[in-house]
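Just so you know, the protein sequences line up as chains A and B, in that order. The C-terminal position of the first sequence is numbered 254 in this note's numbering, with every residue numbered one higher than the one before it. The C-terminal position of the second sequence is numbered 114 in this note's numbering, with every residue numbered one higher than the one before it.
If you are wondering where the hints come from, they were derived from the structure by calculation, not from laboratory data. Check the hints yourself; a few may be wrong.
[As the list claims (entries may be wrong)] Each computed EDC-like pair below joins lysine to aspartate or glutamate, with the alpha-carbon atoms no more than 20 Å apart:
id, chain 1, residue 1, chain 2, residue 2
1, B, K43, A, E148
2, A, K241, B, E47
3, A, K241, B, E56
4, B, K44, A, D198
5, A, K185, B, E47
6, B, K39, A, D221
7, A, K235, B, E27
8, A, K145, B, E56
9, B, K39, A, E146
10, A, K236, B, E27
11, B, K44, A, D221
12, A, K185, B, E27
13, B, K43, A, D201
14, B, K43, A, D240
[Stated by the list, open to error] Some chain A residues well away from chain B (every beta-carbon gap over 12 Å; in silico):
id, residue
15, E148
16, A160
17, S175
18, G184
19, M191
20, P224
21, D240
22, T243
Built from N, CA and C at the ideal position, the CB exists for glycine as well.
One-letter residues, chain by chain:
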Amino acid sequence: QKEVEQNSGPLSVPEGAIASLNCTYSDRGSQSFFWYRQYSGKSPELIMFIYSNGDKEDGRFTAQLNKASQYVSLLIRDSQPSDSATYLCAVKKSSGDKLTFGTGTRLAVRP
Amino acid sequence: ETGVTQTPRHLVMGMTNKKSLKCEQHLGHNAMYWYKQSAKKPLELMFVYNFKEQTENNSVPSRFSPECPNSSHLFLHLHTLQPEDSALYLCASSTANSPLHFGNGTRLTVT
């Protein structure tokens, strides 16, 4: 079983729609969860992090965490073509521990 | 503008060459990392340095040799690489409680 699992996509949504990206993780002791966005040919950039169960909102982005079910998701409201990128989910057990990444989900927003 | 700078951005080298990748961070972080990113694979952690001391070597072949002279600089020395080593090499930095900040990466092609 992969430590961090994501559907590779591509996930295609029309402009203005809600894009929903999902991630599951295997280690129940995981404490910190991150979403990175990576444009083609560029480096990953952090867009959201979440530590507690529930929702965390930042502008058009909402991260959702459910530790009991071991999943974390990212919702992008009012999707724009500029949101087209690969979204990487990353998980950490504790503050000094290494980050484990998923393979990423490619999102394509159609104009 | 990223606080983590990597050079060169692109590198083509033959299997008998020796080259080095350089990373510099201006964020005051104490930890620096090398990651390898290949197509359709998760980001692979290669090496971790904390306060100049190597704290993780993820079973990386000896043809990759890291060097960390201080907390702001990190090198990856390459020699006798194989074509399958062609990938995007990403440097990152962090503190114990902060997310990773990535550099723009070096796209390496081994011919």
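Are the Cα atoms of A:K235 and B:E27 separated by 20 Å or less?
violated (24 Å)
Is the Cβ of A:A160 farther than 12 Å from every Cβ of chain B?
At about 26 Å from chain B, A:A160 clears the 12 Å cut-off, so the statement holds.
According to the definition I'm using, a residue is off the interface if its beta carbon is farther than 12 Å from all beta carbons of the partner; does A:G184 meet that for chain B?
violated (8 Å)
Is the hinted pair B:K39 and A:D221 satisfied, with a Cα-Cα distance of at most 20 Å?
violated (33 Å)
Would A:M191 pass as off the interface with chain B, using Cβ distances and a cut of 12 Å?
Non-interface label on A:M191 violated, nearest chain B Cβ at 10 Å vs cutoff 12 Å.
Taking 20 Å as the top limit, are the C-alpha atoms of B:K43 and A:D201 close enough?
violated (29 Å)
Restraint status (C-alpha distance of A:K185 to B:E27 at most 20 Å):
Roughly 17 Å separates the two Cα atoms, so the pair holds.
Within a Cα-Cα threshold of 20 Å, do B:K43 and A:D240 meet the stated pairing?
violated (24 Å)
Minimum C-beta separation from A:S175 to chain B exceeding 12 Å: can you confirm that?
violated (8 Å)
Can we trust that A:T243 is non-interface, i.e. its beta-carbon lies farther than 12 Å from all of chain B?
The claim is violated: A:T243 sits with its nearest Cβ about 8 Å from chain B, within 12 Å.
Hey, A:K241 versus B:E56, does the alpha-carbon distance stay inside 20 Å?
Holds, at about 15 Å.
Could you grab the alpha-carbon distance between B:K43 and A:E148 and see if it respects the 20 Å cut-off?
holds (12 Å)
Hints 4, 6, 7, 8, 10, 11, 13, 14, 15, 17, 18, 19, 21 and 22, counting from the list given before, are not met by this structure.
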